[in-house]
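Given chain F, put chain Z in place with the hints provided.
In case you want the letters, here they are:
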Amino acid sequence: MTAAPRTAFPSPYEQPAPSGAAGWEELYPYHLLFQPWRRAADEERFWFCDSQHWPTVVKPFEAAVVELVFKSLGQFNTRHFVVPSAYGIAARIHQGYVYLSPVEVPQSRVPARVPQFLQRAGYYYANWDRLLENWKGKVRGVIGELESISFTEPPEVQPYEEIEAGVGLDAADALLGGYDRLLALCHRAWQYHFEFLNLGYAAYLDFFHFCKQRFPGIPDQGVAAMVTGAEMELFRPDDELRKLAKLAVALGADRALTAPDPGEHTLTAVGREPRGRDWLDAWDDARDPWFNFTSGNGLYSGDRYWRDTPSLPLGYIRDYILRLRRGENIDRPLAELLAERERITGEYTALLDPPERADFAAKLDLARQVYPYVENHNFHIEHWAMGVFWRKSRELSALLHRAGFWPGANDMFHLTRDEVRAALFDYASGWAIGVEPAGPGRWPAEVERRRRIVAALARQRPEPALNKPPADVTEPFSVMLWGITGERIRSWLDAPGHGGDLTGMAASPGVVEGTARVIGSPDELDLVAEGDILVAPVTAPSWAPVFGRIRATVTDIGGVMSHAAIVCREYRLPAVTGTGSASTRIRTGQRIRVDGTSGTVTVLD
Amino acid sequence: MNSPYTVAFDGFADPGTSLLGGKCAALAAMTRAGVRVPPGFAVTTDAFAAQLDRGGLRRAVDGALAGLTAEPGAAAARGAEIRGLVGGRPVHPSVASAVTAAYGKLCRAAGGSPDTPVAVRSSAELEDLPEASFAGQYDTFLWIRGADAVLDAVRRCWASLWTDRAIAYRAARGLPGRGLRMAVGVQQMVDARTSGAAATVNPADGDPSKVMVEAVWGLGQLMVSGQVTPDTYLVDKVLLTTVRTTVSTKHRELVPASDGQGLVQRPVEESRRRTSCLAPREVVEIARLAKTAERHFGFPQDIEWAVDRQRGAAAGSAATPVLLQSRPETVWSRRPRPPARTGHGAGAASIADTLLGPGAEGITS
Chain F
1109 MTAAPRTAFP
1119 SPYEQPAPSG
1129 AAGWEELYPY
1139 HLLFQPWRRA
1149 ADEERFWFCD
1159 SQHWPTVVKP
1169 FEAAVVELVF
1179 KSLGQFNTRH
1189 FVVPSAYGIA
1199 ARIHQGYVYL
1209 SPVEVPQSRV
1219 PARVPQFLQR
1229 AGYYYANWDR
1239 LLENWKGKVR
1249 GVIGELESIS
1259 FTEPPEVQPY
1269 EEIEAGVGLD
1279 AADALLGGYD
1289 RLLALCHRAW
1299 QYHFEFLNLG
1309 YAAYLDFFHF
1319 CKQRFPGIPD
1329 QGVAAMVTGA
1339 EMELFRPDDE
1349 LRKLAKLAVA
1359 LGADRALTAP
1369 DPGEHTLTAV
1379 GREPRGRDWL
1389 DAWDDARDPW
1399 FNFTSGNGLY
1409 SGDRYWRDTP
1419 SLPLGYIRDY
1429 ILRLRRGENI
1439 DRPLAELLAE
1449 RERITGEYTA
1459 LLDPPERADF
1469 AAKLDLARQV
1479 YPYVENHNFH
1489 IEHWAMGVFW
1499 RKSRELSALL
1509 HRAGFWPGAN
1519 DMFHLTRDEV
1529 RAALFDYASG
1539 WAIGVEPAGP
1549 GRWPAEVERR
1559 RRIVAALARQ
1569 RPEPALNKPP
1579 ADVTEPFSVM
1589 LWGITGERIR
1599 SWLDAPGHGG
1609 DLTGMAASPG
1619 VVEGTARVIG
1629 SPDELDLVAE
1639 GDILVAPVTA
1649 PSWAPVFGRI
1659 RATVTDIGGV
1669 MSHAAIVCRE
1679 YRLPAVTGTG
1689 SASTRIRTGQ
1699 RIRVDGTSGT
1709 VTVLD
Chain Z
381 MNSPYTVAFD
391 GFADPGTSLL
401 GGKCAALAAM
411 TRAGVRVPPG
421 FAVTTDAFAA
431 QLDRGGLRRA
441 VDGALAGLTA
451 EPGAAAARGA
461 EIRGLVGGRP
471 VHPSVASAVT
481 AAYGKLCRAA
491 GGSPDTPVAV
501 RSSAELEDLP
511 EASFAGQYDT
521 FLWIRGADAV
531 LDAVRRCWAS
541 LWTDRAIAYR
551 AARGLPGRGL
561 RMAVGVQQMV
571 DARTSGAAAT
581 VNPADGDPSK
591 VMVEAVWGLG
601 QLMVSGQVTP
611 DTYLVDKVLL
621 TTVRTTVSTK
631 HRELVPASDG
641 QGLVQRPVEE
651 SRRRTSCLAP
661 REVVEIARLA
671 KTAERHFGFP
681 QDIEWAVDRQ
691 RGAAAGSAAT
701 PVLLQSRPET
711 VWSRRPRPPA
721 RTGHGAGAAS
731 IADTLLGPGA
741 EGITS
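Quick note, the sequences are listed as chains F and Z, same order. Read in order, the letters of the first sequence are residues 1109 to 1713 in the working numbering. Read in order, the letters of the second sequence are residues 381 to 745 in the working numbering.
Next up, chain F with everything else stripped away, as it sits in the complex:
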């Protein structure tokens, strides 16, 4: 017997916590929770799970990033550019997962916002390149400041020179100041992240909307194909790996690089090759900044960055060298991608009535101007700035771990950002007074308790949405960026059963069959074998090198502008995104058919 389809998602207020997760609410800031005193208002809204950006349970410290992301996203719609119809996006953390709800501007306020939007957004569009150049300087500044922060043990006594100089401040002051700056700089990084992003998406949306009007039912991928550029900073790290692979072969230094289990020792081995030194110089050149690149998405403390984990880029270089030896061409087909972009653009243009072609061309030009930012900001913020942020955070966690605050070097992430500040004060003040801090008595047991709660939350996949859905979704950004449509919501509501097709967004065309490999987190990427079909809650652009091995991609969430979709089109792999539940309904080893043209996934076993 099949269950009747649901008409609404559960209310967060009526969802029992998974077993073993009682007390999970204490792990997150109060304002990010569905609180009893605002139940009426929060149940009124429809919330969808942002598993595109937060596919796994958020640890307490990581909630600081959730707060900063949505605060910063909101400010540019609401306060900087005065977008007439849309305020920001409200965020909640519920049972460890992030839920979102876009906020509309009340109708009565819309007219007054229009002239301000025209003036402000108009200025940014008109001065885009200059302001963006300035932006790059600002972001480099933030990254430089983050790099300058350090968390090390305070000295036994303050240096004598400070006595003579009459400084009068201590190492505790520096530690606490460093922590405050760490968070303030993270806040800045996220503000800069959204400074151009909302406008970039808005310009893209305008073009997107025109195409949808003129060519009803045009696949989203068709719109994206006209706009996507080929030379992207976001693809540069992967390009550097290809270059290094080719250079290794040219220098005859490839033997050391193809030994199994690459790591730090591989670099020593390369150094012993006759021309290995030349290769290591090239490696160092590529490393900064391009290996400030995470295998995740920059939003989790456990993200592994290439720069800190050489086994990651070395493993990918090894793959590329092996492919080169098999005579494969490892270059991205840039010329073909550009030719295809021009063919598609030309054919759609020819289908328009001549008077409309000027509008189409103007919208396309602006979309193409802003689009590189939409992709490349990722490198500067999620990869580079956040890479430094997490490295410094781990440094602090390790310092307090050495002082006995928690059993594992990275256990600080089980505390909220305010708790970390209190713990650091406890530590610094104990040092200043000359007494033992209280933390080593409090935190180890608490960290263990929280570790169990997080594990219990992680055993349960989140509901794709909460509360009663609207009849249709018209909010343009939800549709374009998260793939939230009326149809998608209905497919989520259908009781998930076994067998049958999964449907999602037709994100990158083509049909293939193969063996599924379900990947829950970037740590499992090593398991992906040649010819697998990657099935994941979500993918990150930095997974790019595994895209050389796989035949297709299926994700739980994400629209046609999601990173998985963009990378798959780039690699010409079929992709179906936004299936809602592929990573839980498909098991590793099953044979599946992925139809990226129609957006369906069929389990064949």
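Don't take each hint at face value.
To be verified - Pairwise CB distance ranges, derived in the manner of DEER restraints:
#1 Gly414(Z) to Pro1441(F): 39 to 49 Å
#2 Ala489(Z) to Glu1455(F): 34 to 44 Å
#3 Ala1447(F) to Arg721(Z): 24 to 34 Å
#4 Asp1609(F) to Asp571(Z): 24 to 34 Å
#5 Thr1710(F) to Ser713(Z): 51 to 61 Å
#6 Ala1447(F) to Ser474(Z): 46 to 56 Å
#7 Asp1461(F) to Pro470(Z): 46 to 56 Å
#8 Glu1455(F) to Ser651(Z): 37 to 47 Å
#9 Ala456(Z) to Pro1578(F): 53 to 63 Å
#10 Glu1455(F) to Gly414(Z): 13 to 23 Å
No lab work stands behind these hints: they were computed from the structure. Just so you know, these numbers come straight off a predicted model, no measurement behind them. Where a beta carbon is used, it is the ideal one built from N, C-alpha and C, also for glycine.
Using the frame of chain F, we list chain Z on its own:
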């Protein structure tokens, strides 16, 4: 060398519409362009003229048409009289020998059977015009086997120039009733697993970026006559990806009789009724075929196509569709499209219009 009375579709020259009629001219053009069209030949308008010029037939026809008004009853009586005159005469001996020879050649090329099944279709000079499709006005005869049967069908096609509905159709559009010329196409029959039509604009809204493919099991006549609801596939013309598929319940199909004599209608077995009668790749190939035809003629087209049973059966793989005919689309291609409801130009003002939806122009300008 072709006689002036028959012209093979794969002939090198372009004899044009006046000699081949609309349908055959299009098929010959597509064959020359390298599109997969089943082999065949046209019985030219010169053959038709020769037939009318023999034994005072033309005079008799013109006499019967004299003073005809658009009145329905009048058209019926005159039509029957003319069809009797035209259909009753034996085919002009020179035309008959040319047709017999061309059919023999087609049979030999098809594998040697002396009675290869063919479709015999009218191909009037004044048809398939952008202004008037004449769709279904003239007769078509399917699964015709043997030279004598082919000659008989050719004669009946000629006579169909004066069916009641054709006379009325011309009269209603103020088109001339006299001096008409008709060629006839003789085309090797495809034993279709699936057939159908495709339009290079979406018939629902005139969107020129789509190809609408309609398909039924077997031959396409049950779809054309509205007895079976086809599966429909909406394909993006630029990307050649299917954006919407609607599978309908197809109860009946028209297929060759098991003894090879004629066609039979039979029920579709339960397991195939609600199954898409095209594989995804076949849909795309049909759309590509339609797009090629539109490109070639420089004008939106309605095409008919078929997927051969034998080829399609090979290991269940997708088969290559063949083109059965292509004619100009006559509905949407003559209408202007309503303008898009988006802001003009690009940038903040246009975005505000887009975000605020229809009717927002007043706020932002």
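Checklist entry - What are the numbers of the hints the structure violates, in ascending order? => result 1, 5
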